[in-house]
Amino acid sequence: MATTVERVERLERLWEEPTGIRTALLTVDHKKIGVRYLITASLFFVAAGLEALALRTQLASPRNDLLGPKTFNALFSMHGVTMIFLFVTPMLSGFGNYFVPLLIGSRDMAFPRLNAFSYWVYLSSGLFLYSSFLFGVAPNDGWFNYVPLSEHRFTPGRNIDFYALGLTFLAISSTAGAINFIVTIFRLRAPGMSINRMPLFCWAVLGTSFSLIFALPALTAANVFLELERKFGFHFFQPAKGGDPLLWQHLFWIFGHPDVYIIFLPAVGIVSSIVPVFSRREMVAYAWVALATIATAFIGFGVWVHHMFATGLPQISMIFFSAASLIITIPSGVQIFAWSATALRGRPVLKTPFLFVLGFITVFVVGGLTGVMFAAIPFDQQVTDSYFVVAHFHYVLFGGAVFPILAAVYYWVPKITGRLLDERLGQASFWLIFVGFNLTFFPMHISGLLGMPRRVYTYPDGMGWGIYNLLSTIGSFTLALGILAVIVNVVWSRRSGEPAGSDPWGGNTLEWATTSPPPHYNFPVIPIVTSANPNWDVVDRLADTTRLNRGELVLDDGHETLATTLLDADSDEVLEMPSESPWPLLVALALSVVFVFLLVDHYVVAAIGGLLTAAAVAGWHSEKPRIS
Amino acid sequence: MTSPAARLQLALAPGRVRPSRSNGWWGMLLLVATEAALFGVLIASYFYVRFKTVDWPPDGIPDPNVLKALGLTALVVATTVPIFLAERGIRRGSQSLLRLGLLAATLIAGLYTVLQAYQLNEDWKSFTARTDTYGSLYFTITGAHLLHVGAGVLLLGWVTVRAWLRAYAIDRNAAVQVTALYWYFVNALAAVVFLAVYLSPLL
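Protein sequence lines, in the order shown, are assigned to chains V and U. Read in my numbering, the first sequence has 497 at position 497, and its numbers run on one by one without any break. Numbering-wise, my numbering comes out as the position in the second sequence, counting from 1, plus 628.
Same shape as in the complex, but just chain V (with noise of 0.2 Å):
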């Protein structure tokens, strides 16, 4: 009988992955590549960043000509492109993929190699997207690249095909993460964690990636028509030949509003995962807010044309969108009051990971409020393009997604590194941010309604714009000192931090039942869930030791982990998970071939890359499991 020491020193063997440049190349653990997803998110985060400060210095007075027309058309664009495509979305997939197999007690994802592919995919195409800076040719027709702008007759440079092309290759990635997650959601959870007990995180995650599956592939006809239209001269998009440039903004916004809520619902997970740990408390109204993120999530699909309310559609079209847009406006409000209600029935404490949660709150209603008045077809059209727009949407998106990423910083970092973060320096960041924050983006509101105009690179003098301009340039500023105390925060913590332990907080999700960081394996045993707070179950957490100790779901015969059945969780087969494999990145290399010589027009080269890729598919399909 193999004793407990023994038991955990072999899944430590089965699980290690050698250290060094293989292993960086070819790991397929779902820490590493969440990591990964959140350095390089970050890293995207901080060049979309210096773009809006470029964009709000040229803005601070009237008639600067610090950047010129062209140059300032590129940066608005690329800010949007990033923070949307290349920031929030990875970055809350990176949160995802570190803590949704410890959420639900697994040892990865379901498909740990699919996981790294995803990743390798996401470089490529920020790559892909960033490397058009180098030949000077961005993307320059706003993040929603409107035809006909974007037709070949008015942008003849490649800045649109590296958009369409781009965007393109981030689906594949997004795709199959967004798969991923929803298949580890429901099979790999521990045993017990019916879905009535799983974790809110993770009704967002499914959520999101439900919505993500079905709206991408919107954007990606959009993407195909605009290339075949560019390339090869079909016609969708030109009246003259029978086809219609609002196409392109339908099949745009059937995508970009649920994408609103792509980036939204993970977010509020985080903040669904904060509010009960600070509030000391578990959360209350756990299924009405479970049902509202997937409620939002569905109710998103119907709301797209309030983004076209100026474009002369039939009335009785836009009175449907309108209302819809109003009921979605139900299941926020019941997260908004579940989240005050905890913490106002517990004991809350207000530490830096609180703070943000409470920033979000308080800047996503009034993001929520003006987003209320948009839904008024005729208010809406009074202010469409103009800053009134710019000051909504970073309300809702700055609001509803960074906050909580930060909030997520400060709560999760120390679990991935061991480490905690410095608590002043946090608070500071904190009212750094969220007076930035708001001096940035309420003024917009008020010059938006003086009447001045998105992605104008200047505007005159005598308009009144020129004081409310220069605060939110001032406030920028203020709002990226404070992001940078974050990172300068999370950089020094990593080796000067105090130890977290395993719990710092006293958190009620699995995460916090493992050392921090985490082994190879997440859990010397698979844990057995009782309640939707498995880390408050004390009795049940002494029993996973006990289990450890007899051996009983340590699955230490292989690279195992357990799976269960879709709603009762019940024990259902042992699966023999995938080792390290270069097969991933060899996929995502064939790929990039294929749409490095689409841009460039190489036909033959690009079809040479797809039989490539199809050869790499053949190849990962034939690896066997590595005998341990």
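In short, the hints are calculated from the structure, not lab data. Heads up, some of the hints might be wrong.
Straight-line distance between alpha carbons at most 16 Å, and here's what the computed EDC-like set of lysine to aspartate or glutamate pairs gives [what the hints assert, rightly or not]:
(1) K70(V) - D141(V)
(2) K241(V) - E750(U)
(3) K624(V) - E576(V)
(4) K32(V) - E750(U)
(5) K753(U) - D691(U)
(6) K231(V) - D601(V)
(7) K696(U) - E750(U)
(8) K351(V) - E423(V)
(9) K680(U) - D244(V)
Label pairs and their computed distance ranges (CB to CB) [unchecked claim]:
(10) Q723(U) - E17(V): 58 to 66 Å
(11) T515(V) - G721(U): 44 to 52 Å
(12) P156(V) - K753(U): 27 to 35 Å
(13) S724(U) - E9(V): 46 to 54 Å
Computed footprint of chain V on chain U, listed as stretches where at least three residues anywhere in the stretch have a Cβ under 8 Å from a Cβ of chain V [said to hold, decoys possible]:
(14) 657–666
(15) 672–683
(16) 754–761
Where a beta carbon is used, it is the ideal one built from N, C-alpha and C, also for glycine.
Knowing the structure of chain V, use the given hints to seat chain U on it.
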């Protein structure tokens, strides 16, 4: 109530044919869902443009040849039967049913791919994707479907070869089920594309 560990022993008992679907099957189901959404968007775009156009197909473009398209669609949809038999066969342990079913499906699907590619090439002689939006949508939708069929033929060929190498067994056939699921989807798509692109212009 049995303990989770005891239930696990039960679940892993030798000779038990797994009741639940494999991870791979779930993954394919979701891939199929996103592909279905893609075709949903393509066909929605088709009707969006159609309902803004008076003549459909526009002047100078012949109506699609429904009978030929019906024949071709029937040919590819017919492969559902051998695939179904192959999948059911291996779940009961029949290697021969698996091999013959897969081989028949692969050959018919290959034949369909060649015939359909030839047919699209013929169509290209009377109008092209550059003629107008009708042509663009016609060739984009049928071309996208043909690409999916082509990927399916590669997948079927791969599984057929592996079946001949005895890679699958009564308790080890997830790859067959995953491939079958994809192939059912491609066949359903063939029927939808037929209804939307070939039949609907005549109605």
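Taking the hints in turn, this is what the structure says about them:
no. : hint                          : verdict
1   : K70(V) - D141(V)              : 10 Å, holds
2   : K241(V) - E750(U)             : 22 Å, violated
3   : K624(V) - E576(V)             : 11 Å, holds
4   : K32(V) - E750(U)              : 52 Å, violated
5   : K753(U) - D691(U)             : 14 Å, holds
6   : K231(V) - D601(V)             : 8 Å, holds
7   : K696(U) - E750(U)             : 12 Å, holds
8   : K351(V) - E423(V)             : 7 Å, holds
9   : K680(U) - D244(V)             : 9 Å, holds
10  : Q723(U) - E17(V): 58 to 66 Å  : 38 Å, violated
11  : T515(V) - G721(U): 44 to 52 Å : 46 Å, holds
12  : P156(V) - K753(U): 27 to 35 Å : 31 Å, holds
13  : S724(U) - E9(V): 46 to 54 Å   : 48 Å, holds
14  : 657–666                       : holds (count 7)
15  : 672–683                       : holds (count 5)
16  : 754–761                       : holds (count 4)
In summary, the numbered hints that this structure violates are 2, 4 and 10.
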